[in-house]
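Respectively, the protein sequence lines represent chains A and B.
Numbered by the working numbering, the letters in the first sequence go through residues 1 to 358 in order.
Numbered by the working numbering, the letters in the second sequence go through residues 1 to 126 in order.
None of these hints come from the bench; they were simulated from the model.
Warning: the hint list may mix true and false statements.
Stretches of chain A that chain B covers, calculated by requiring three or more beta carbons in the stretch to come under 8 Å of a beta carbon on chain B [claimed, not checked]:
1) 62 to 69
2) 182 to 189
3) 210 to 223
4) 227 to 233
5) 240 to 254
Derived DSBU-like pairs (lysine-lysine); straight-line CA-CA distance at most 30 Å [what the hints assert, rightly or not]:
6) A:K187 x A:K276
7) B:K22 x A:K229
8) A:K276 x B:K39
We treat Cβ as the ideally placed atom computed from N, Cα and C, and that holds for glycine.
So you can see what is in the structure, the chains are spelled out below.
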Amino acid sequence: MTATGEIEAFGPRVQAEVERAIQRNIKGLEYFTSPAPVLGATPKDVLHKRGTLNLYHYRPLADEVYRVPLLMVMATTNRGYIFDLAPGQSLVEFLLKHGYDVYLIDWSPPRPDESRLRLEDYTLAFIPDCVRRVKEDSGEEQVTILGYCMGGVLSVIYAALHPDTPLKNLVCFTTPIDWNHMGLFTKWAHRDFFDVDRLVDALGNVPSELIFTSFEMLRPATRSAGQIKLWENMWNDEFVKSHRMFERWSTDTLPLAGEYFRQTIKELMWQNGLFKSELTLGGRRADLGNIRAPVLHAVAEHDHIVPYDAAKPLVERVGSIDKQELVLKGGHVSVVAGGNAVKRLWPKLDAWLGERSI
Amino acid sequence: MAEPSSKDPAAAWQDLVVQWEKNINALANRTMGSDEFSKSINRAMSLSAGMQSSLGEVMGRYLASLNLPSRAEMTSIGGRLQAIEERLDRIHALLQRLAGVAEPGAAPASPRPPRTKRPPGRGVKP
Numbered sequence: 001m002t003a004t005g006e007i008e009a010f011g012p013r014v015q016a017e018v019e020r021a022i023q024r025n026i027k028g029l030e031y032f033t034s035p036a037p038v039l040g041a042t043p044k045d046v047l048h049k050r051g052t053l054n055l056y057h058y059r060p061l062a063d064e065v066y067r068v069p070l071l072m073v074m075a076t077t078n079r080g081y082i083f084d085l086a087p088g089q090s091l092v093e094f095l096l097k098h099g100y101d102v103y104l105i106d107w108s109p110p111r112p113d114e115s116r117l118r119l120e121d122y123t124l125a126f127i128p129d130c131v132r133r134v135k136e137d138s139g140e141e142q143v144t145i146l147g148y149c150m151g152g153v154l155s156v157i158y159a160a161l162h163p164d165t166p167l168k169n170l171v172c173f174t175t176p177i178d179w180n181h182m183g184l185f186t187k188w189a190h191r192d193f194f195d196v197d198r199l200v201d202a203l204g205n206v207p208s209e210l211i212f213t214s215f216e217m218l219r220p221a222t223r224s225a226g227q228i229k230l231w232e233n234m235w236n237d238e239f240v241k242s243h244r245m246f247e248r249w250s251t252d253t254l255p256l257a258g259e260y261f262r263q264t265i266k267e268l269m270w271q272n273g274l275f276k277s278e279l280t281l282g283g284r285r286a287d288l289g290n291i292r293a294p295v296l297h298a299v300a301e302h303d304h305i306v307p308y309d310a311a312k313p314l315v316e317r318v319g320s321i322d323k324q325e326l327v328l329k330g331g332h333v334s335v336v337a338g339g340n341a342v343k344r345l346w347p348k349l350d351a352w353l354g355e356r357s358i
Numbered sequence: 001m002a003e004p005s006s007k008d009p010a011a012a013w014q015d016l017v018v019q020w021e022k023n024i025n026a027l028a029n030r031t032m033g034s035d036e037f038s039k040s041i042n043r044a045m046s047l048s049a050g051m052q053s054s055l056g057e058v059m060g061r062y063l064a065s066l067n068l069p070s071r072a073e074m075t076s077i078g079g080r081l082q083a084i085e086e087r088l089d090r091i092h093a094l095l096q097r098l099a100g101v102a103e104p105g106a107a108p109a110s111p112r113p114p115r116t117k118r119p120p121g122r123g124v125k126p
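This is chain A alone, in the form it adopts within the complex:
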């Protein structure tokens, strides 16, 4: 290209940048003066509430639904509205429109008197109780369970502890099984350095700030880089909307019940009990081989919270004949929500689950 040609090609780019700079200023002002986006607005009913536990039933959006109801189990560290961000970006809405009868276990911050909740409470009381309520409400004998991250861990433990469960399918998103491969978490929480007893004994419930900071420390530059990218894209309404939704969700972490945290560190991380099939709760051993229902595990290629090596053993170790692992582009959150998930995970989930929900 000649020098004149380069200047001519450069002109429209400069013009576009000037227009964007003007838009940035106008929309930047709007950004700081407008209210936070409304999230989790798909109509739902509270089916059951008990302390930290909330069981919701979403109102149907299709004329007919699949026979088998779907019970989603949210991670205990974050709010469930990651599944229901905004119309068009809501996994719940997508599933409802595609004919699923959707229930969700979502968590509130545990109260001080709930600091004694243990893994047994989650996997031998909360989830079985919710499964019973979903069966009663839907009138169906079988239930599909879908768990995300620690919600996946709880769902897997529940399924492993209840071989006689009416589980139709088990779907997990980014669920850690081999806790020796949890990257920096494994190092920070190493038994030689981390006095979990002292922390839990002193604080009761583990504060949300600690959970938030430990996630943030995995990628310390990402928040600052995100602010720069936000400013660059301030002219782009879709980018700003998406940024605000994810920003709000990622900062909205939950405290964890103290005993549950202590057990997670000691029994899952230090002893790697789930991976070794040695985790024993309520006198029962959580053997992954006990899981016989069809299993789908969606994992992210670039997951910095649950690395692939930590998630990989699930499909290898369950006793199911019908099992599949989906390795998708994206990170821990973008694999389940946002534009990436809408294109990649959701259609695949629908194709897999639809066939198995009749």
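Fit chain B to the known structure of chain A by using the hints.
Only chain B this time, still in chain A's reference frame:
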């Protein structure tokens, strides 16, 4: 990612930000992966938790001496009251349902859709 044009300052800037983020994260991860870092962070956390706990105890004793509840006790009472209210609401709704009385202003219960859906391509149900 698109190959940045060396002549496009905006693209070059964006590339620079991406590279900066990657490099800082990688550097921080190397530093934070050391035993020394784990030791110091856990020492700091234990200290902070210990201080928080001691401060809470001292404040609790002070408030008790004034015959006042602590923040944790108030939060706990608030949580309990909320749980009691929710339970009362459920009992109320259940009693109304048993008595056949509709909740004032409540929308009529919409019929549930039939559980007959088949996946696309599976044809009509038998």
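Structure-based check of all given hints:
Requiring three or more residues with a Cβ within less than 8 Å of a Cβ of chain B, the coverage given for the segment 62 to 69 of chain A holds, as 6 such residues are present. Coverage of the segment 182 to 189 of chain A by chain B holds [criterion: at least 3 residues with CB-CB distance below 8 Å; count 3]. As drawn, the segment 210 to 223 of chain A meets chain B at 7 residues by the rule of a beta-carbon pair under 8 Å; at three or more, the given contact holds. With 3 residues having a beta carbon nearer than 8 Å to a beta carbon of chain B, the segment 227 to 233 of chain A meets the requirement of three or more and the stated coverage holds.
Residues of the segment 240 to 254 of chain A lying with their CB closer than 8 Å to a CB of chain B number 0, which falls below the three-residue condition for coverage. The hinted pair formed by K187 of chain A and K276 of chain A meets the criterion: a straight-line CA distance of about 19 Å does not exceed 30 Å. At roughly 14 Å between alpha-carbon atoms, K22 of chain B and K229 of chain A fall within 30 Å of each other, so this suggested pair holds. Of the pairs offered as hints, the one joining K276 of chain A and K39 of chain B holds, with about 27 Å between alpha carbons and a cut-off of 30 Å not exceeded.
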